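Protein chains: 2
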Amino acid sequence: MTSLGDKGSVQTQTKVLSQDSWTQVSCPCCVSKQVEPLVLIQLSDSVQPVTKRWLISLIETSKRHGGAALLAHPGEDECGDVVVVSAPRCTFLKATEDLGLCKKYHNEDMVAFSYHDRDNFSNVDDMQEFLTLAERQYIVKNELDSLQAQKKQRIPGIPEAPGVLEAWENICQKLVRAGVIKDIFPLHDQQRLNDLGRRWYSKKQIWGQPLDAIQSYFGSTVAFYFSFLDFYTWALVPPAFLGLVLTFLLPGGGGVVKEQAGEGAMEEDDDGPSVSGHMVQAVFSMLWSTLFIELWKRRSSSLSHRWGTLNLAERFAGPRPGFHGTLGLNPETGRLEPLFPEWQRQLRVGLVSLPLVGLLMGLVVLGMTCFYHGEALVQGFHQDSGSLFSGVLLYMPSMAHIVYTNMLGNVYHAVAMQLTEWENHREESSFQNHHTTKVLLFTFFNNFAVLFHIAFYKQDLPLLRKRLASMLIGNQLVNQCTEVVVPFIVDRFLSAPHKKEQEDDLEMDKLRAQRSLPPYPGLFAEYIELLLQFGYLSLFSCVYPLTAVLLLLNNITEIRGDAYKICKLFRKPFSAPVSNMGVWQTAFEVLGFVSVMSNCWLLLLSPRVQEFCLEGGISGKNIILVAILVEHVLILVKMVLAFMIPDEPDWVRIKREQIEFNSMQALGQQKL
Amino acid sequence: MTSLGDKGSVQTQTKVLSQDSWTQVSCPCCVSKQVEPLVLIQLSDSVQPVTKRWLISLIETSKRHGGAALLAHPGEDECGDVVVVSAPRCTFLKATEDLGLCKKYHNEDMVAFSYHDRDNFSNVDDMQEFLTLAERQYIVKNELDSLQAQKKQRIPGIPEAPGVLEAWENICQKLVRAGVIKDIFPLHDQQRLNDLGRRWYSKKQIWGQPLDAIQSYFGSTVAFYFSFLDFYTWALVPPAFLGLVLTFLLPGGGGVVKEQAGEGAMEEDDDGPSVSGHMVQAVFSMLWSTLFIELWKRRSSSLSHRWGTLNLAERFAGPRPGFHGTLGLNPETGRLEPLFPEWQRQLRVGLVSLPLVGLLMGLVVLGMTCFYHGEALVQGFHQDSGSLFSGVLLYMPSMAHIVYTNMLGNVYHAVAMQLTEWENHREESSFQNHHTTKVLLFTFFNNFAVLFHIAFYKQDLPLLRKRLASMLIGNQLVNQCTEVVVPFIVDRFLSAPHKKEQEDDLEMDKLRAQRSLPPYPGLFAEYIELLLQFGYLSLFSCVYPLTAVLLLLNNITEIRGDAYKICKLFRKPFSAPVSNMGVWQTAFEVLGFVSVMSNCWLLLLSPRVQEFCLEGGISGKNIILVAILVEHVLILVKMVLAFMIPDEPDWVRIKREQIEFNSMQALGQQKL
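Protein chains in written order, with my numbering: chain A, 338 to 1009; chain B, 338 to 1009.
In short, the hints are calculated from the structure, not lab data.
Please read these numbers as outputs of a predicted model, since none were measured by experiment.
Where a beta carbon is used, it is the ideal one built from N, C-alpha and C, also for glycine.
Wrong hints could be hidden among the right ones.
[Stated by the list, open to error] Derived Cβ-Cβ restraints for the label pairs, each shown as a range:
| # | chain 1 | residue 1 | chain 2 | residue 2 | range |
| --- | --- | --- | --- | --- | --- |
| 1 | B | Gly545 | A | Pro675 | 38 to 46 Å |
| 2 | A | Ile982 | B | Gln379 | 44 to 52 Å |
| 3 | B | Trp988 | A | Asp414 | 51 to 59 Å |
| 4 | A | Ala650 | B | Gly545 | 39 to 47 Å |
[Stated by the list, open to error] If you want a taste of the chain A side facing chain B, the calculated C-beta under 8 Å gives, among others:
| # | residue |
| --- | --- |
| 5 | Glu651 |
| 6 | Phe653 |
| 7 | Pro668 |
| 8 | Glu669 |
| 9 | Gln681 |
| 10 | Gln683 |
| 11 | Met934 |
| 12 | Gly954 |
| 13 | Gly957 |
| 14 | Ile965 |
| 15 | Ser1000 |
| 16 | Ala1003 |
Produce the complete structure using the sequences and hints provided.
Printed below as a string of structure tokens:
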């Protein structure tokens, strides 16, 4: 489904702003005829010209003197409320080395970029070829973020109290807090965006996604999501096929079909797939989930090599803006920066975050228990009295539960953010991973609590099947609506006049207009949707074999919907270079193991198995023991399989080891 | 228990052989007044002087001309059957860099040694200070092992057929096959050995082991074993204490005491520890095993840093002598050497070795089943007939089983070695790990099959307790006998006259006499003993709480016994620098997880729990479900705990990241 390669449409948008208003570059090699506007800083309306001038001069000052070594453009005039930022070549190149990005060497290998060795890299003279748009914009943001006050000083044009910068204070964060900066966002390049859209979600494009072009325009974070979605959709083909075979070709699959076709109420007797079909489905889905995630790891590492993010040096870069600690020399790099001991972070995670998250999960369970309890109570009361009052009362438990769940959700999200901030992670990726893990656990728990309750506590397979089917179909309808239909209507009918207006605007207004779009909400919602899907499929699919078919259909439209959304409906997001999906990959992997447990359990519950035991005269105790044995053996098989399949293709491993060998050699030579 | 630091006794044994018979060094920096005999090559009696001269010249030739760049000494005369080998300073230093050993920098940091930067390292002029004896001897062996024929040639003095060396053939292996070389072994340094012995196993030394001195004399492989033994023995103190408390202080522990004191036959009713004691013991032993292995990992990595083996470069060194493949350029290092694709090795491991090992394990189970079956059959027959013939027949099944088990063991060992050879591992450590894993699985299975059979199939706790106690006490008696008493007797009474004789011998004869000692059998037997102990303790200890006490007593003598054995009773072994215990660490970790399953199961079986269920009216089915839940939760807790405790102390992590950062920097600078 992937068509790679991204050429052309590079020289657009480079002449938009009047050339002479840009601040001057300081070194001769950076002089160029055109400067590309990359990032827009939206200031408050009431900003003083003196503050804006101070900010611009800070942006253009060299790093040695505490600036960002970037290029700034004041918009239409000195008093406007925007600053457009770009960067000179030297800043780009040095930042590329600091990020640890790999770039094409003259011999076509991907090699970690070295500023000293820059002349041996391809396209090093043309920043628009050398770095992708997403990388250029991320570098500019990164440089802005790392602006620090060299000494205690006042910000001109701001009253005393909020206007004093302490030494080593982060300037951008301060300006945001002081209300000077309202927004910093990367600018869309309309022509490239239109090109990308044509190749991505037009009617002609059904099978492939232009992954390289996505990576180039939106960065590797976004590109990894779409690559995974692509890979996952293809991977759904075998289970979908199996599901179709089990449902329509094998005897005993009628119940599911009838139910899906909505021909009547669910029969009381269980007529799902036969025992053998059940088992085939369960064992298949367990092995499939392992193979899927292992093969994705290989795909992921080869994509990472292709995109030059195989050995990022985030650990050795400066800390993330929110990080705080006592100022000291970093023992690894020898740079002056805030330090915070690792064991203290571990303790905070282990002794505070973990129990608190556990407690909140416990509250979810408590809520659900109270709900079921209350429901039973109210129903009993209604049957006894049968009055109007008791009829109204029937709705109380579920309403209370909904309110409770929503409140809990809000509390949890706030707590998760606070906790992760307080854990004080040095690297952005570590912060993201910890935050994502927390929210993900909760969301997942919230979504599956009902199904788990039905499967493990009520042990009611027909109800589980019914619920699963309705959740699947319901979720998909809602998703398709919110993700495809609504955006389409908004874009075509509501924002169309707005668009036309723009055609006659000044260049500057066009850029500024991008702020009217809402900021991109991030990939969390997208990933969690896939994870929930994967959960329905791997945890419970053996009771409803058509799951994979429904998901496959859903994902084919999902790809286009998501693409349309990110291109048209939101502001462009910043995107850090990453080497994999981070914690999401682990989440899918863990789910694979949980699925073994749930599948074994569902098999045990299945009426056919229980009939079989009754006929064979096997006691209920012994069949449980057999199920435990089978579960443990299957987990062992999964682990052996995961261990046997290397996480990266041989050629990536060799490339990686080459880099390691070279740097070991270099270390030996250098001290000569 | 560790007293570190190893100074003095360095200048011994350096004058033993006549100085002028050594081959000459080729570079001026290597000239030294004394040459230390390190390794002895024992030739066959019938070796031709011309062959010996050829070998000596090969040893002394520079590497550029296909030699080993070592120093050779012909023994008493040109016709003798030994060659003594040493190495000049340059060879040592270059090999140190190739191995990736870390050495003390002038600022006291441990830094990966670089030949170009040699003058900044401490003690670089005195090889006896700079490298440990074990490292020097390993380097000499390594250089000898890597001798390859530069072109097709004949070995002088050997008849046509076996005497032709193909191009790139390994010379030492060829000479061993041709019967020219009988043995290559490192030489003991008697004075240092006596010093070490005094600090290690004399009467004064009860609590500590001179780990640094062990590492220096015997190398890190041996030192890691003794460090682990030390750590493990200390770690036994808490479970031993708990075991004593549970047995003697809590009510209901009488049965174990009586049984241990041998006051009578095992009672029919189970009167082991009470339910609460049982549970405390089980949960404690599960958490203890995780803490133990996680803390050992930290200890291990700090030892590895201390001994300079933290970033060994085995991957980038030449392949092990037994490795074969098509000659080509190594894609990582660019050197010409045999190549063998990784995926092919993986396939061999996965599709051939794994099923074969599984098959042989299946045969063990089959044997056991047949044995139990046969026993029941014969006993039935004997009860029916009661004749003399049937009485003799009673012994048949166990005899047949013993013969079968022994044969199977022999077949398995041969198959394991053949398979591992055939898997064609490039690195020695990888070869060792795969071989050890295979043998270890089998040995473990063989030892525990009976206990598992009793615990899981017969479900007979009293029998399990009896068997466990008798195995523990029996094994310990046998071990103490074979490891301490017999060696002591042999050394004091049998080899004493032999020793006195030596006093008047020539230097050369003393060296040659070391060959009369048997070669050291390796650490496999020692490690498997510890693993089996750990298995008894963690898998079954909740039925017999005194296990830890017995093991603690055993290990305190074990340390001295093992030390005495390796110092006095065997030839000195070669020892490669290693950074951890390799596969043994994994084995202990896996056992920790298996122990959760077995403990949960044993708790389930315990009569108190079953009584409790009966009284509370809980069905057997439900109690099993609770046990499964508890098992899964405990495994989760163990995994979280293992994840939360970092595998290396913060200071080691910082040192490691410093090295990584420096080599990244060096890579960037180098291409300037």
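Here is what the structure says about each hint:
no.: 1; hint: Gly545(B) <-> Pro675(A): 38 to 46 Å; result: holds, 41 Å
no.: 2; hint: Ile982(A) <-> Gln379(B): 44 to 52 Å; result: holds, 46 Å
no.: 3; hint: Trp988(B) <-> Asp414(A): 51 to 59 Å; result: holds, 56 Å
no.: 4; hint: Ala650(A) <-> Gly545(B): 39 to 47 Å; result: holds, 43 Å
no.: 5; hint: Glu651; result: violated, 12 Å
no.: 6; hint: Phe653; result: holds, 5 Å
no.: 7; hint: Pro668; result: holds, 5 Å
no.: 8; hint: Glu669; result: holds, 5 Å
no.: 9; hint: Gln681; result: violated, 10 Å
no.: 10; hint: Gln683; result: holds, 6 Å
no.: 11; hint: Met934; result: holds, 7 Å
no.: 12; hint: Gly954; result: violated, 16 Å
no.: 13; hint: Gly957; result: holds, 5 Å
no.: 14; hint: Ile965; result: holds, 6 Å
no.: 15; hint: Ser1000; result: holds, 4 Å
no.: 16; hint: Ala1003; result: holds, 4 Å
Taken one by one, the earlier hints fail for this structure at numbers 5, 9, 12, listed in ascending order.
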